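Undergrad: Sequence:
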Amino acid sequence: DSGVDVVGASSLAAGHKTLIPELIGKLREAGRSDIKVIAGGVIPPQDYDYLRDAGVQGIYGPGTNVVECAADVLRLLGHNMPPLEDAA
1 DSGVDVVGAS
11 SLAAGHKTLI
21 PELIGKLREA
31 GRSDIKVIAG
41 GVIPPQDYDY
51 LRDAGVQGIY
61 GPGTNVVECA
71 ADVLRLLGHN
81 MPPLEDAA
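Heads up, the sequence shown is in the numbering used here, so the first residue is 1 and it goes up one at a time.
Heads up, a few of these hints could be off.
[What the hints assert, rightly or not] Quick list of simulated restraints, FRET-style, between CB atoms: (1) Ala70 <-> Asp34: 19 to 25 Å; (2) Arg28 <-> Gly63: 30 to 36 Å; (3) Glu22 <-> Gln46: 18 to 24 Å; (4) Leu19 <-> Val67: 25 to 31 Å; (5) Thr18 <-> Pro45: 14 to 20 Å; (6) Asp53 <-> Ala13: 20 to 26 Å; (7) Val6 <-> Tyr50: 17 to 23 Å.
[Said to hold, decoys possible] No farther apart than 20 Å at their CA atoms in a straight line, the calculated lysine to aspartate or glutamate pairs in the DMTMM-like style are these: (8) Lys36 <-> Asp47; (9) Lys17 <-> Glu29; (10) Lys36 <-> Glu22; (11) Lys36 <-> Glu68; (12) Lys17 <-> Glu68.
Hints were generated in silico from the structure; no laboratory data involved. As the structure is a prediction and not an experimental result, all values here were calculated from the model. From the three backbone atoms N, C-alpha and C, an ideal C-beta is built for every residue, glycine too.
Build out the structure end to end from the sequences listed, making use of the hints.
TA: Laid out in C-alpha cells, this is it:
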C-alpha cells in the first residue's frame, strides 16, 4: 500500500484536458482507482465539466479560496468538515 489518498495535478500550460485524464487512466490501470485526483492551476471554467466527467474530484483555479480548498480536500479524505458557510 502506497499510503496515497489524493494526487494533486497542477496545469499551467493547457495540458489539463489530456494529461489529467491520462493520469486518472494510469491510476485505474495500476489498480488504484481509490486514489482521488484534484486539479489546480490555470484551468478555464468551461473545462471543469470535462475534467469532472474524466474523474477529477476537485478543481481549484485562480482565485480559489484557500480555506474552502483545504476543507474540500479534507472532506475528500473522509473528514467530517462542515461547509465553509456553516463553519462560522
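Undergrad: Now tell me if each hint is right for this structure.
TA: We went through each hint and held it up to the structure:
Look at alanine 70 against aspartate 34: about 21 Å separates their beta carbons, and that is inside 19 to 25 Å. Take arginine 28 and glycine 63: their Cβ atoms lie about 31 Å apart, and the range 30 to 36 Å holds. Separated by about 20 Å at the C-beta atoms, glutamate 22 and glutamine 46 satisfy the suggested range of 18 to 24 Å. Taking the beta carbon of each, leucine 19 and valine 67 are about 28 Å apart, inside 25 to 31 Å as hinted.
Range check, threonine 18 to proline 45: about 18 Å between beta-carbon atoms, so the 14 to 20 Å window is met. Taken as a hint, the range 20 to 26 Å holds for the pair aspartate 53 and alanine 13, whose Cβ atoms sit roughly 22 Å apart. Taken as a hint, the range 17 to 23 Å holds for the pair valine 6 and tyrosine 50, whose Cβ atoms sit roughly 20 Å apart. With a C-alpha separation of about 18 Å, the suggested pair lysine 36 and aspartate 47 falls inside the 20 Å cut-off, and the hint holds.
In summary, the hint linking lysine 17 to glutamate 29 is supported, as the alpha carbons are separated by about 19 Å, within the 20 Å threshold. Taken as a hint, the lysine 36 and glutamate 22 pair is honoured in the structure, with Cα atoms around 14 Å apart against an allowance of 20 Å. With a CA separation close to 17 Å, the supplied pair lysine 36 and glutamate 68 stays within the 20 Å bound. Between lysine 17 and glutamate 68 the CA atoms are separated by roughly 24 Å; this puts the pair beyond 20 Å, and the hint is violated.
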